[in-house]
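Trainee: So the chains spell out like this:
There are 2 protein chains.
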Amino acid sequence: MRIDEKDLRELVGSFEYFIKEKQDARLQHLLVSMHPSDIAAIINRIRKDEHRLYLFNLLDKEVASDTILKIDEAVREDLVELLEQEIITELVDEMDSDDATDFISELPEEMVEDVLKNVEQADAKEVIQLMHYPEDTAGGIMALEIVAVNKNATVDEAIREIRRKAEKVEEIYNVFVVDDETKLVGHVSVKELILVHGHTPITEIMETDIASVPVSMDQEEVANYARKYDLISVPVVDEEYRLLGRITIDDIIDVMEEEASEDLQRMAGITDEEELREPSALRIVRGRILWLVFGLLGGLWGAEVIKLFEHQIAKVAMLAIFIPVILSMGGSIGMQSSAIVVRGLATGEIDFKDIYKRLYKEIKVSLINGLALGFLIFIYAFVRAGTDDLGSTIQPLELSAVVGGSLIMVILVASIVGTTIPLLLKKINIDPALATGPFITTSNDIIALFIYFAMATSFLNI
Amino acid sequence: MRIDEKDLRELVGSFEYFIKEKQDARLQHLLVSMHPSDIAAIINRIRKDEHRLYLFNLLDKEVASDTILKIDEAVREDLVELLEQEIITELVDEMDSDDATDFISELPEEMVEDVLKNVEQADAKEVIQLMHYPEDTAGGIMALEIVAVNKNATVDEAIREIRRKAEKVEEIYNVFVVDDETKLVGHVSVKELILVHGHTPITEIMETDIASVPVSMDQEEVANYARKYDLISVPVVDEEYRLLGRITIDDIIDVMEEEASEDLQRMAGITDEEELREPSALRIVRGRILWLVFGLLGGLWGAEVIKLFEHQIAKVAMLAIFIPVILSMGGSIGMQSSAIVVRGLATGEIDFKDIYKRLYKEIKVSLINGLALGFLIFIYAFVRAGTDDLGSTIQPLELSAVVGGSLIMVILVASIVGTTIPLLLKKINIDPALATGPFITTSNDIIALFIYFAMATSFLNI
Numbered sequence: 002m003r004i005d006e007k008d009l010r011e012l013v014g015s016f017e018y019f020i021k022e023k024q025d026a027r028l029q030h031l032l033v034s035m036h037p038s039d040i041a042a043i044i045n046r047i048r049k050d051e052h053r054l055y056l057f058n059l060l061d062k063e064v065a066s067d068t069i070l071k072i073d074e075a076v077r078e079d080l081v082e083l084l085e086q087e088i089i090t091e092l093v094d095e096m097d098s099d100d101a102t103d104f105i106s107e108l109p110e111e112m113v114e115d116v117l118k119n120v121e122q123a124d125a126k127e128v129i130q131l132m133h134y135p136e137d138t139a140g141g142i143m144a145l146e147i148v149a150v151n152k153n154a155t156v157d158e159a160i161r162e163i164r165r166k167a168e169k170v171e172e173i174y175n176v177f178v179v180d181d182e183t184k185l186v187g188h189v190s191v192k193e194l195i196l197v198h199g200h201t202p203i204t205e206i207m208e209t210d211i212a213s214v215p216v217s218m219d220q221e222e223v224a225n226y227a228r229k230y231d232l233i234s235v236p237v238v239d240e241e242y243r244l245l246g247r248i249t250i251d252d253i254i255d256v257m258e259e260e261a262s263e264d265l266q267r268m269a270g271i272t273d274e275e276e277l278r279e280p281s282a283l284r285i286v287r288g289r290i291l292w293l294v295f296g297l298l299g300g301l302w303g304a305e306v307i308k309l310f311e312h313q314i315a316k317v318a319m320l321a322i323f324i325p326v327i328l329s330m331g332g333s334i335g336m337q338s339s340a341i342v343v344r345g346l347a348t349g350e351i352d353f354k355d356i357y358k359r360l361y362k363e364i365k366v367s368l369i370n371g372l373a374l375g376f377l378i379f380i381y382a383f384v385r386a387g388t389d390d391l392g393s394t395i396q397p398l399e400l401s402a403v404v405g406g407s408l409i410m411v412i413l414v415a416s417i418v419g420t421t422i423p424l425l426l427k428k429i430n431i432d433p434a435l436a437t438g439p440f441i442t443t444s445n446d447i448i449a450l451f452i453y454f455a456m457a458t459s460f461l462n463i
Numbered sequence: 002m003r004i005d006e007k008d009l010r011e012l013v014g015s016f017e018y019f020i021k022e023k024q025d026a027r028l029q030h031l032l033v034s035m036h037p038s039d040i041a042a043i044i045n046r047i048r049k050d051e052h053r054l055y056l057f058n059l060l061d062k063e064v065a066s067d068t069i070l071k072i073d074e075a076v077r078e079d080l081v082e083l084l085e086q087e088i089i090t091e092l093v094d095e096m097d098s099d100d101a102t103d104f105i106s107e108l109p110e111e112m113v114e115d116v117l118k119n120v121e122q123a124d125a126k127e128v129i130q131l132m133h134y135p136e137d138t139a140g141g142i143m144a145l146e147i148v149a150v151n152k153n154a155t156v157d158e159a160i161r162e163i164r165r166k167a168e169k170v171e172e173i174y175n176v177f178v179v180d181d182e183t184k185l186v187g188h189v190s191v192k193e194l195i196l197v198h199g200h201t202p203i204t205e206i207m208e209t210d211i212a213s214v215p216v217s218m219d220q221e222e223v224a225n226y227a228r229k230y231d232l233i234s235v236p237v238v239d240e241e242y243r244l245l246g247r248i249t250i251d252d253i254i255d256v257m258e259e260e261a262s263e264d265l266q267r268m269a270g271i272t273d274e275e276e277l278r279e280p281s282a283l284r285i286v287r288g289r290i291l292w293l294v295f296g297l298l299g300g301l302w303g304a305e306v307i308k309l310f311e312h313q314i315a316k317v318a319m320l321a322i323f324i325p326v327i328l329s330m331g332g333s334i335g336m337q338s339s340a341i342v343v344r345g346l347a348t349g350e351i352d353f354k355d356i357y358k359r360l361y362k363e364i365k366v367s368l369i370n371g372l373a374l375g376f377l378i379f380i381y382a383f384v385r386a387g388t389d390d391l392g393s394t395i396q397p398l399e400l401s402a403v404v405g406g407s408l409i410m411v412i413l414v415a416s417i418v419g420t421t422i423p424l425l426l427k428k429i430n431i432d433p434a435l436a437t438g439p440f441i442t443t444s445n446d447i448i449a450l451f452i453y454f455a456m457a458t459s460f461l462n463i
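Sequence order for the protein chains is Z and D. Take 2 as the starting number for the first sequence in the numbering used here and just add one per residue. Take 2 as the starting number for the second sequence in the numbering used here and just add one per residue.
It cannot be assumed that every hint is accurate.
Remember, identical chains collapse to one label, so a pair may be satisfied in a single copy or spanning two.
In silico lysine to aspartate or glutamate, EDC-like type, Cα no more than 16 Å apart, as pairs [said to hold, decoys possible]:
#1 Lys-23 with Glu-51
#2 Lys-49 with Glu-82
#3 Lys-71 with Glu-350
#4 Lys-118 with Glu-85
#5 Lys-428 with Asp-355
#6 Lys-7 with Glu-205
#7 Lys-316 with Asp-255
#8 Lys-365 with Asp-432
#9 Lys-118 with Glu-158
#10 Lys-358 with Glu-279
#11 Lys-354 with Glu-11
#12 Lys-365 with Glu-279
#13 Lys-308 with Asp-219
#14 Lys-308 with Asp-355
#15 Lys-358 with Glu-276
#16 Lys-354 with Asp-8
#17 Lys-358 with Asp-157
Source of the hints: derived by calculation from the structure; they are not laboratory data.
With the hints as constraints, model all of the structure from the sequences given.
Mentor: If you want it as structure tokens, here you go:
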């Protein structure tokens, strides 16, 4: 039975009550038909650590093993600290190699060795092998549970291999075909296997158009690759094309979700990925404050720019009133231009070589936007200046022309900065999302102020 | 053979040259081993419409049909306009029902009827059925190509059904089991079918824990559902649980990609989804200008706020220099707080009921951030004011206390606004991403200015 998110929230109350009252029979009754993902959602929302632990200990091993992988990372860390090492070992024994590796990597260092000593030896060996690959590469997310047959096999032999592996490999959608050196030469879907006679040679029905990824490929690229070619299971190979493992589509989906969250957060100026249920305010601050301090320093730099023109402002205080609109336009334009580029870079649809094409388009767009918005602010400034005391030296028309003209300039420059920075960052291998949001906003702020006051002092008689 | 993105870019030049020279044999030679996704990537990058058409016409029907679905929407629209109706009909005949429906929905209205008249009647019926469902619901993305057997069937019968459907249904990962009223009662993976004897009743091995979605469910929810339960193929049912169709994982992945792009763009103030290769600058402007005008008006409102305090600024021009830093902090804090909430709402992990929990956490975080940043700006303002002529009425300590204090206030309020607005928007069924970015930034700007100047005039003797 699958439970609606809304019902889940309401269930949490019942769970907390029954846990407090230690009504195990009732809890078991609630748990028995629940999916591990739903149990994890409940545990995420239970407030007290000891209540979470109590509920978790009621689960049978197999369900517990699936459940713990679905719990939010921040909650899982706290829960794992309360679990006995013996139970952790049992949980790991139930996991696939990729999940076991991720799970063990998250454990406190002093625990890792003990757990690896106590899990089944074959599993430990696999985990140690997988731990060598960086977390965010194909090797870091692949599983070693695969079904592969030699190219001399028949369909019957492939089916026998599936049966042999059926218990260990839960999701089998296709069988990989390798040569005598375990190099990948093709693959067959399980569906194809049941369409033909058992004695058909596997090479006769296999697809030789192999979509494999190298073990060192970045996980975001792997996800883009799987999406592009509609793969349900991505074989991972070493430099000699020897088959090492496979990445299943559910892991690809997790990568996509993770990368999309990360990009959105980074665009918003959060450096460390922040979990929704992160309990520590200090850890949240740590992820957020870096760009805030940067923004503060940028803002103070902006203050220095204004300071340069303090005397002019003292003479024509009206100059100050356009600061917010100039800043907000520069910021908005920068965000729009960069969002398109950051996303295009993330999905692999553009790269640095597209810079001229992108700039050409953005400049066209920002000229149109600039003329439209510049005209609006010109009208406003003209009307406003007419009702205001500008001093004897400035005409309303002059002032409004300067405001409108500098807005057009600001928009043009902001879109160029917003387009160029992420492409440059990518070029030098810095995640464009990481620096784009706050960096572009801050530099656009300073540039915008400078353009505005420079134009004001050059063209106005102040 | 799969081609690296970088090599693809270089291939485009060769393609354009051979097309210009009409060297069909060479083009065919290049195309023969290419995946439709790669051919689509080439066509996306070819500049001239007639060159695209030339290349497209060289493809055989089946490849052409797969390729056109992979071409970027903006490019596809232009290409379709150049294709003869007869060819379009042939392309549609090759497509699955869900792809055919999407493709036909994109056609110019006057074409739709003609195409529907000319495709195979069974296909036309399916498309017409699917066109009834809103585009962004489960019904709008499902395909009617499924393999289902009655609950009285044996495993052998299920395998026979797979063979019967094998040509029409390309991807078969599981067989759905229905009762006499076609209500969904279970499912079996193809792998399970080959593990048991052929005369085993299907009910004996089927999973009865059915993860189906109602036909009206929003596509983003469907994607979250599939991700939560690791589904590879999501059955779609009507209100009486009758099986209507299925959504395969590759379509789920497309939905995730689409929603992530949309959210990122909307957070950046782009209302209509903008395609990377959108050729029309005017169409890009149309998607971007709405929030820019809104931001401009907000900025002008900010101007009015400053105008209220024009006399104070004329007296103490130094007040103006802190405007950028106050604005940029309000904006950054608002983005950070809202990004977390917008993403949590998109993945279904939080809803309106979590508002107090979120606010409590954000207030804690922003108090820490506020104190840290407020202290920094206090120091700066104190040092700066010491070297500046403040007039006789204000002490440096007073001024810096006001600047630091109002920054703390601004940070606190900005995080509350950033947290509350997306939750409120979701509550009244407006996409939180749509309004969050520019709306929060703009309101925070105005609020921040007001806080700053109100505090300055209240506490300083000006």
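Trainee: Now tell me if each hint is right for this structure.
Mentor: Consistency of the hints with the structure:
no.	hint	result
1	Lys-23 with Glu-51	within (12 Å within a copy, 74 Å between copies)
2	Lys-49 with Glu-82	within (14 Å within a copy, 61 Å between copies)
3	Lys-71 with Glu-350	between (31 Å within a copy, 13 Å between copies)
4	Lys-118 with Glu-85	within (15 Å within a copy, 68 Å between copies)
5	Lys-428 with Asp-355	within (12 Å within a copy, 41 Å between copies)
6	Lys-7 with Glu-205	neither (51 Å within a copy, 33 Å between copies)
7	Lys-316 with Asp-255	neither (59 Å within a copy, 58 Å between copies)
8	Lys-365 with Asp-432	neither (27 Å within a copy, 29 Å between copies)
9	Lys-118 with Glu-158	neither (36 Å within a copy, 48 Å between copies)
10	Lys-358 with Glu-279	between (42 Å within a copy, 12 Å between copies)
11	Lys-354 with Glu-11	between (53 Å within a copy, 11 Å between copies)
12	Lys-365 with Glu-279	between (43 Å within a copy, 13 Å between copies)
13	Lys-308 with Asp-219	neither (47 Å within a copy, 53 Å between copies)
14	Lys-308 with Asp-355	neither (39 Å within a copy, 44 Å between copies)
15	Lys-358 with Glu-276	between (37 Å within a copy, 14 Å between copies)
16	Lys-354 with Asp-8	between (50 Å within a copy, 12 Å between copies)
17	Lys-358 with Asp-157	neither (54 Å within a copy, 58 Å between copies)
In summary, the numbered hints that this structure violates are 6, 7, 8, 9, 13, 14 and 17.
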